[in-house]
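Trainee: So the sequences go chain by chain: S and R.
Sequential numbering of the first sequence, starting at 1, is according to the working numbering.
Sequential numbering of the second sequence, starting at 1, is according to the working numbering.
I should point out that these hints are in silico values taken from the structure, not numbers from a laboratory.
No experiment lies behind these values; they were computed from the predicted model shown.
Just to be clear, a hint being listed does not mean it is correct.
[To be verified] Straight-line Cα separation of at most 25 Å, DSS-like style, residue types lysine-lysine; simulated pairs:
1) R:Lys161 - S:Lys177
2) S:Lys185 - R:Lys161
3) R:Lys14 - R:Lys161
[What the hints assert, rightly or not] Short, incomplete list of chain S residues facing chain R, as computed with Cβ under 10 Å:
4) Gly175
5) Ser224
6) Gln225
7) Tyr229
8) Ala249
9) Met267
The beta-carbon is built from N, C-alpha and C at its ideal position, and this holds for glycine as well.
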Amino acid sequence: MKNKLSFIFIFALCIALSLTACGAKQASTTDSKNTQTEAGESDSRLDDLYQQENQLFADHADVWNKVFGMMNKSDADPNGNYADYLAGTVESNKNSFTDDELKTLNEDIETIRKIEEQIAELENKNTSSDDNKNDSSQDTSVFSDFSGEDFDGNKVDDSLFSGNAVTVVNFWFTGCKPCVAELSKLNELNDAIKSMGGEVVGINTETFDGNKTAIEEAASVLESQGVKYRNLSIDSSSAAGKYASEIMAFPTTILVDRNGNIVGEPMLGGIDNQDNYDALMKQIQSIIDADSTNK
Amino acid sequence: MDKEKKLLSRKLAKIRGWIQAAATLLTNIHIPNLFKGKIYQGNAKTVCVPGLNCYSCPAATGACPIGAFQAVVGSSKFKFSYYITGFFILLGVILGRFICGFLCPFGWFQDLLHKIPGKKLSTAKLKPLRYLKYVILIVFVILLPILVTNSIGMGDPFFCKYICPQGVLEGAIPLSIGNAAIRSALGKLFSFKCMILIAVIVLSILFYRPFCKWICPLGAIYSLFNKVSLLKITVDSSKCVGCGQCSKACKMDVDVCKTPDHPECIRCGACIKACPKDAICYRFMGKSCQKNDNR
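Okay, chain S solo, but in the shape it has when bound (with noise of 0.2 Å):
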């Protein structure tokens, strides 16, 4: 009995840890299911389309083997229209086929003219809803319309990440042990960067909107860390700042590449601990190997 009633407690518990653990996975999955199914969908008519102009082929095959091979590959234009490319095939041999040909190929022609003009409107959409993802994968896309003041007032924009191979943003608050911590760290590591390319930039979530006191109490510990490298106040309610606020540990450090795409997994906890400063070390520098050899 005793027994039984430690098994189903265990029971009990396994069941719940699991559902805490696979909760958030599912809810990632379900979302690109959506987006796959609608892809699917578009995916399959197309095919569909494609089905048809094949089967127009085939239906009359006897004269549209004919007409492929009189066409001359050097002809061919990819991004024209492939109907106009057949009637002018078709118009250019034309005394090679009966009356009663041509009239079956112009038919077709025109059906697949129409065909064609289906495809195309798909496969735009499918581009656009392509764009639309990216700009909707905010994970990267964060810095893209940035905008922020430094501590003298100085506006800055997106030129902050286009200026370097790999900028280096870290979020601290000045109330956060930890992050007040590796200040010092993260100035060597200004120091240590510059000259391959990279910049480290501080943004404190307590100065967001240009709030004075915040602004005043953040740089006297910045300068009691003798800190140099630039700070930013940024809008609470800008990309960016939305971004910070969901940061749920402290000090978190990411890294920006030339375009303002955050590169990797934003690294958590102090560069004072050496570990971490190498693992972010090297990440810079493969950022800044990517930069050259795009170039």
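Following the hints, put chain R in place on chain S, whose structure we already have.
Mentor: Positioned in the frame of chain S, the structure of chain R alone reads:
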């Protein structure tokens, strides 16, 4: 006549488990956050909850009073936390350790663990360990955060950081399950605190509420008010026959007849339920909780 006297006290003691469940739910109202790995950061977080409940629990409604106290005394801006001290005095004077018995989520957690069948051991011989919680309160909650500081006067929340098992149970474990970045940052400190949590769980199965008896600094604070709190337990000496059932029932090792207001009493009401003569009852502001009491 005696039969008509329905004891409110007895009823209260009987539904204690449900009150504990409700209090735990109210203290952790943001259940969906558990699956997102995010912490609620709204205005309610500026208010403390009565029990020991980690601020960093994704579901937490308010702040942990012990955590808040350390955060304030450890910050460079303040020397002492008057707001939280006032909160302790207010709740202590009204309820005393009734909070431990009825409102604290970690107390309920230990109660549930103790229900797991198996060998149960008495803590009667371990009474000197009771004083350990006062040492922890003074050293880890008050002195270390105030005295051990960095160059700009910031201290660590030592109790939260190195001892509190509730922080691991409610904060670290759910956050690391729901948040990949936090998971990657777990280190030795997390393993150490997990061991504390496991030790507390094992001890809770063997003993009744070991954490409350020996370690909890919040219980230590509330225990100071047990003798003066408005809510008390009293023994009606005219009804008491001295059978000693109450002391036998008491899992906190209190001699109920002699010292009903002992600092260790968590007002759980086990003695009220055990008393064959209905001589023990809760009292609020000198008024008996017993209905139809002709005093």
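Trainee: Determine for every hint whether it applies to the structure shown.
Mentor: Now the hints, each set against the structure:
| no. | hint | in the structure |
| --- | --- | --- |
| 1 | R:Lys161 - S:Lys177 | holds, 12 Å |
| 2 | S:Lys185 - R:Lys161 | holds, 23 Å |
| 3 | R:Lys14 - R:Lys161 | violated, 36 Å |
| 4 | Gly175 | holds, 6 Å |
| 5 | Ser224 | holds, 5 Å |
| 6 | Gln225 | holds, 8 Å |
| 7 | Tyr229 | violated, 18 Å |
| 8 | Ala249 | holds, 5 Å |
| 9 | Met267 | holds, 8 Å |
When each numbered hint is compared with the structure, violations occur for hints 3, 7.
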